[in-house]
Each structure stands twice: as structure tokens, then as C-alpha cells.
Amino acid sequence: MLEVSDLHASVGSRAILKGLSLSIGPGEVHAIMGPNGSGKSTLSHVLAGKPGYTVTSGRVTFQGKDLLAMAAEARAAAGLFLAMQYPVEIPGVTTINFLRAAVNAQAKLRGEAELDAVSFLRRVKEEREKLGMSDEMVKRPVNVGFSGGEKKRNEVLQMAILKPSLAVLDETDSGLDIDALKVVAGGINAMRASDRSFLMITHYQRLLDYIPPDFVHVLADGRIVKSGGPELAHQLEAEGYDGIVKVA
Amino acid sequence: MPSSSATVPAAALTFKSGLEKAWAEAAPALPGGDWMTQLRREALARVARDGLPGRRNEWWKYADLAALRPAVLPLAPAAASSLPRANHAFGEDAWSVVVANGRVGEVPASSSLPDGMEVMRLGEALDVPSLWLRPWLQPTASAIHNLNLAFATDGVLVRVGRNVAAARPLVIVSETKLSASMAHERSVVSLEEGASLTLVEIGRMAGASGSLATSRMSINLASGARLTHIRLCAGGPELIAIHDCDVQLASSARYQQVTLCAGAELCRQQLAISLSGESASCDLAIGYAVRAGLQVDNAIAFSHLAPNTHSRLLVKGLAARKGRGVVQGRVVVDEAAQGTDSHQMARGLLLEEGAEIFHKPELEIYADDVKCGHGATIAALDPAQLFYLQSRGVPAAIATEMLLSAFVREVIDLAPDAMRDALAAWADSALFQKEPPA
Numbered sequence: 009m010l011e012v013s014d015l016h017a018s019v020g021s022r023a024i025l026k027g028l029s030l031s032i033g034p035g036e037v038h039a040i041m042g043p044n045g046s047g048k049s050t051l052s053h054v055l056a057g058k059p060g061y062t063v064t065s066g067r068v069t070f071q072g073k074d075l076l077a078m079a080a081e082a083r084a085a086a087g088l089f090l091a092m093q094y095p096v097e098i099p100g101v102t103t104i105n106f107l108r109a110a111v112n113a114q115a116k117l118r119g120e121a122e123l124d125a126v127s128f129l130r131r132v133k134e135e136r137e138k139l140g141m142s143d144e145m146v147k148r149p150v151n152v153g154f155s156g157g158e159k160k161r162n163e164v165l166q167m168a169i170l171k172p173s174l175a176v177l178d179e180t181d182s183g184l185d186i187d188a189l190k191v192v193a194g195g196i197n198a199m200r201a202s203d204r205s206f207l208m209i210t211h212y213q214r215l216l217d218y219i220p221p222d223f224v225h226v227l228a229d230g231r232i233v234k235s236g237g238p239e240l241a242h243q244l245e246a247e248g249y250d251g252i253v254k255v256a
Numbered sequence: 134m135p136s137s138s139a140t141v142p143a144a145a146l147t148f149k150s151g152l153e154k155a156w157a158e159a160a161p162a163l164p165g166g167d168w169m170t171q172l173r174r175e176a177l178a179r180v181a182r183d184g185l186p187g188r189r190n191e192w193w194k195y196a197d198l199a200a201l202r203p204a205v206l207p208l209a210p211a212a213a214s215s216l217p218r219a220n221h222a223f224g225e226d227a228w229s230v231v232v233a234n235g236r237v238g239e240v241p242a243s244s245s246l247p248d249g250m251e252v253m254r255l256g257e258a259l260d261v262p263s264l265w266l267r268p269w270l271q272p273t274a275s276a277i278h279n280l281n282l283a284f285a286t287d288g289v290l291v292r293v294g295r296n297v298a299a300a301r302p303l304v305i306v307s308e309t310k311l312s313a314s315m316a317h318e319r320s321v322v323s324l325e326e327g328a329s330l331t332l333v334e335i336g337r338m339a340g341a342s343g344s345l346a347t348s349r350m351s352i353n354l355a356s357g358a359r360l361t362h363i364r365l366c367a368g369g370p371e372l373i374a375i376h377d378c379d380v381q382l383a384s385s386a387r388y389q390q391v392t393l394c395a396g397a398e399l400c401r402q403q404l405a406i407s408l409s410g411e412s413a414s415c416d417l418a419i420g421y422a423v424r425a426g427l428q429v430d431n432a433i434a435f436s437h438l439a440p441n442t443h444s445r446l447l448v449k450g451l452a453a454r455k456g457r458g459v460v461q462g463r464v465v466v467d468e469a470a471q472g473t474d475s476h477q478m479a480r481g482l483l484l485e486e487g488a489e490i491f492h493k494p495e496l497e498i499y500a501d502d503v504k505c506g507h508g509a510t511i512a513a514l515d516p517a518q519l520f521y522l523q524s525r526g527v528p529a530a531i532a533t534e535m536l537l538s539a540f541v542r543e544v545i546d547l548a549p550d551a552m553r554d555a556l557a558a559w560a561d562s563a564l565f566q567k568e569p570p571a
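Order-wise, the sequence lines are chains A and B.
To convert, take the position in the first sequence, counting from 1, and add 8; that gives this note's numbering.
To convert, take the position in the second sequence, counting from 1, and add 133; that gives this note's numbering.
The following block holds chain A by itself, in its conformation from the complex (with noise of 0.2 Å):
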């Protein structure tokens, strides 16, 4: 699904990815942890496609395509999906309408035909009651006005209308209430399948106890140090990033 291999990536002048790999299978859940500043935020933005991150050297492949030659939309429409830490306020543009414009344009992208206006109301009013959302709220422009928690969830639904094959879930839980988590995460634990990955970058393994993860990574200093299963999350939270990561 998803191959990195010795990424390194800077902002300006100063380095942030020093030589990532990492290697992401269909249907497997991901999990990057690291202290801040260890580089989780930049890699999410650097496979998304981010202006303002340069890529140095390293290769990402994405279905087998060199997903750094590809525009953000076209990586989108490829079927990735960044779940952003701090999703984006838009005044004037109304989250329906700014969904119908991403199915649409993913559909074009791909050549394939339009979803009807009643076949996506339809798909919208089942993933919005999923996640506990209001019409109201589908209506108002795209996270004006919405609590961390509501951004979120408005960031899950929109990753449950556009049907990723991987998604990068980039703090998902921060800001988060534990009901507030527990309904982002089910929602995101129902998009589980076989051929739909998962990266989560996160602080803390408060949300790995919500979404299993398959494999868990250690990030620090711009390369992964450590690699595990769940196991490494909990060890983690025993006994922290220092001691981890200088034994590594």
C-alpha cells in the first residue's frame, strides 16, 4: 500500500525527516509515536502534499505510484486521506457543498461518473447519524464555529464519504473528550476492511485503546527507532520516549 524509504524532508533550512522507512501493508493499522518536534506532524504533511516542505531526498510509492510526483489532489483522488490536526475553518463554503465538491472532483480524477445529488444526500445522512451529527451541522460553512471535538468528527466524516484506502490520522485524538473519542473512533474502527490502511500519529496510547493497532513505531529525531506491536505502545506509556529512544 504505502512504501517510505529513506525519506528526508526539511522546512527551510532545517531538517525534520532524516532518513524515514516505513512500510504499510492493505489493511493494517499503523501506529507513529514520538515526543514533540520528533518530525509526526511533517511526515503527515509531507504525504499529503503540503506546500512549504521540501523533500530532500527518499522515495514514497502509494499503490505502487511515486506519490511525491503527484498534486495533493491527485494523491487525494489515489485514495489518501489526511485527517488534520488542526482542520481549517472555511466562512462561505458550507461542509455539504464542500463534500460534493471532493466526491465530484475525486470521481473526475479517477474518470469515473459523478455520484448523483440524492445517492450522496443519502450517503451523508447515514455517515453523519453514524458519527452523532446534525443536518444543521452539515449545512453551516465547513468548521466555522465548531468545538475541537465537532472538527473532528467533521474530519471522520469526511473520510467516511470519500472511502480511502489509507488514511493518516494526524492527532485525531487531541482536543478530544473520552465520549468525543469514542465516537471518532468507532467511526473510524467501522472504515476497518482489508484493503483500507490506517496511519495514526499520536501522543499518547489513550487512542490506541480505542483503535488496536497492528504495528506501532517509535519516531524521534526524523527517523523511526523502533518498531513493534502493540505491545511498544504500552511500553511507551510505562516507561516514556527517553528511555526507548536512547536504547534504540
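Keep in mind that the hints were calculated from the coordinates and are not lab data.
Honestly, I wouldn't trust all of these hints.
Claimed, not checked - Derived DSS-like pairs (lysine-lysine); straight-line CA-CA distance at most 30 Å:
1) A:LYS116 x B:LYS567
2) A:LYS147 x A:LYS159
3) B:LYS567 x A:LYS147
4) B:LYS149 x B:LYS310
5) B:LYS504 x A:LYS58
6) B:LYS493 x B:LYS504
7) A:LYS73 x A:LYS234
8) B:LYS493 x B:LYS194
9) A:LYS147 x A:LYS73
Unchecked claim - If you want a taste of the chain A side facing chain B, the calculated C-beta under 8 Å gives, among others:
10) LEU76
11) ALA77
12) MET78
13) ALA84
14) ILE98
15) GLN166
16) ASP222
Yeah, the Cβ is synthetic: ideal placement off N, Cα and C, and Gly gets one too.
Model the placement of chain B on the given structure of chain A, informed by the hints.
Just chain B now, with coordinates in the frame of chain A:
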């Protein structure tokens, strides 16, 4: 240069002699009896004396009309053929009027209007010296008013009687196509006590070889009257369009205007709002987008003259490369206008290098118990918003279009519900040059 030419070349005319020549040629066909001709002469003499406004006038700081139009042009002739039917998106049942190059076509039959409502052509009304109209046909201190008065060919007169609620919108479609010529319209809208009306003006204008069009509308709202005024305005290069609107509000009168403007070589929108009755209220919202070489210059003045009056101004403008947007917003609060509540906000988006936007708020406050706020922002498109859309699969070009429409949408959302779709469709085609959906 051909020596056989008997006419004086335009370049040899001074502003004054050109003005007088143009007027002498136009005068025989201008409507109104001797009384009106007298007023026109007086107005003409003032324009000849004062010249057109330029940079030395602070209110024209960003639009030097005197420099842009150093010579006066002949008045455009009336269209030879009959006027087209009004074509607009504001409903089949709307009362519609077409104006072509400053001449009004058919007005709605009085049988189709409610009792107490009249729609007339200025040209007809000037045949008799009307006492009702006279106050609106006086020369003023403004050269634009005087130029307009001297040359006005026609316009729409609307009166809505006491407590009459006009159930349908009145739509005035002005088609102005000029070539090295001028057109001048003069309209008056008067709502008596408790009357209400929705007025839509659609200006479709094009000019060649440096044309000039002025339209002046005076609006008088008696106490408790309510006017919703929608204005759509699209011009082009080689055309200076000056829209002048003065509004008088008596006590508890309410005036609401939503304007969308695509600019012209210079599209000047001047508004003078006089809140002279207690608790009068005025809400203005303007959205504009200017492409290369076009300009929108908004000069808006509120005079709060009575207690507890309310005014709001929201302007949202986009400028592309070599486009220019201006907002001058002046608020004067008279000593008597305690409890005034006024706020103006101007937001500009610069789309490319070389675009210009100027915001200049002015406040003069002589009362002590008032709330007056103003804000101005000028920025580029937010890259974080753009990336958010792209990260969901929306290509950059479409994402940009969505964000620009969204920026102006705040203005459209201040119009009545029933009008918003038509306004959004107009914005898509005139402001954003989008093809209508198949």
C-alpha cells in the same frame, strides 16, 4: 490631418467649450419644459465653472475623473429599435423596466400595480412642471450631480403610497452600450409612511473609446418605510460608470442595500445616506471583483443626524493583477445623534502581484453616547484553506474558485432569502466568469 474638415477637432476644445457644445447638440432632444431647461443651464454653468472632480478633492483621492476624461463627449443617441424585453433572474412576476442608453422603455401598467403605487418615466413627468419632482431637480455642490442634471435623458420615478406593501420586486434593467459617448439617467424613488418595496437594479454596461455614464437615484423613505435595494453592476474597459445614490431616512425607516459589482475602467459607487429620523436604520453590503485594468471605487458617506440611528457597512472585494478596489467609508455623527450605532468593515483579497486595494475609513463624531466601529483587512488567499480543499481531492483551480465565491457569499447572504440564488448565479458569471451549468 484633413484640411477640409469643418468641425473643430475634439482636442482643440477646452473642457468648457466641449461641454457647451455637447449640451447645445443634446438640448433639443432633452425632455422637460422651459423650467427644466433653466435648471439644466444652471447645472451646466456650474459644471463648466467647477470642472470634473479630481485628486485635489479628498473624496476623489483614488479616482481622478478630471484626468481620465479631460474632454466632454457627445450624448449617446437613443436606440433606433424598440427596447428588448427585460431579461433577468428575479422572477417572472416581477415588475420590470428596461432602460437603454439612458432612455426608459415601457413601464408596468398601473393596473398591474397595487393602489397607491406609481412607476413613471422621468421623461414624461418633466413635461409638466411638477412640484413633487422639483426638489430633486436642483443643481447641487456636486459636479457629478450637475453634469447628470444637465444631460439627464430619462429615468424611473417610483412612488409607493402610505402603508402600501409592494408584494413583487421592481426590476430595472439598464443596458448601456456607448461608443465615445455619454449617457445620464436620473431616477427618484419615494416611499411614503409605512410603505415597503424591493427594488432590483441590473446594470449591463459596455463602452468603447472612453465613454462615460452617470446614473443618479434619489431615495426618500418616510417614517416606517422599508426599501430593500439590490444592485448588480457590470461594466468593462473604456467605460467610466458613476452610480450616485442618495438616501433620506425619516424616523424608523429602514434601508437595506446589497450590491455586487464587476467594475469598469472606473466604476464609482457613491452613496450618501442621511439618517435624519430617530431610529432610522441602514444596512449596506457590497461585494466586488475587479480583473486586470478594471477599478471599483466605493465612496460611502453616512450622516447620523438623529438619536438611536443604526448603520452597517460590509464590503468584500477581490482584485486580480492590475485591478484596483477602493473603499472610502465616512461616518459623521451629529451632536443630536446620541445612541448612534455604526459599524463598517472592509475586507479585501489581493489575488495576484500588482493588484491594489485601498481602504480608508473616516469618522467624525460630535455626540458622546455612540458606538462607532470600523475594521479593514487586506490579505491574500489563505494557503491553509486552499490546501485543505486540495487534500480532499479538489484541484487548485476549482478550490480557488470555491474560496473566492465563499468570500463574496457573506455579502449575498445579507440579501433576502428569495434573492440569494439569483445573486449567486450573477456573481458566478459576472464576478467569476464561470460558465453557467449545463
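Structure-based check of each hint:
1. A:LYS116 x B:LYS567: Measuring from Cα to Cα gives roughly 19 Å; hence the hint holds.
2. A:LYS147 x A:LYS159: holds (14 Å)
3. B:LYS567 x A:LYS147: holds (24 Å)
4. B:LYS149 x B:LYS310: holds (25 Å)
5. B:LYS504 x A:LYS58: violated (43 Å)
6. B:LYS493 x B:LYS504: OK: B:LYS493 and B:LYS504 at ~19 Å, within 30 Å.
7. A:LYS73 x A:LYS234: Within the cut-off at roughly 27 Å; holds.
8. B:LYS493 x B:LYS194: Measuring from Cα to Cα gives roughly 10 Å; hence the hint holds.
9. A:LYS147 x A:LYS73: violated (36 Å)
10. LEU76: violated (15 Å)
11. ALA77: The hint is violated - A:ALA77 has no Cβ within 8 Å of chain B, the shortest such distance being about 15 Å.
12. MET78: Violated, about 11 Å.
13. ALA84: holds (4 Å)
14. ILE98: holds (5 Å)
15. GLN166: holds (6 Å)
16. ASP222: With Cβ-Cβ at 25 Å, over 8 Å, it is violated.
Violated hints, in rising order: 5, 9, 10, 11, 12, 16; the structure is consistent with all others.
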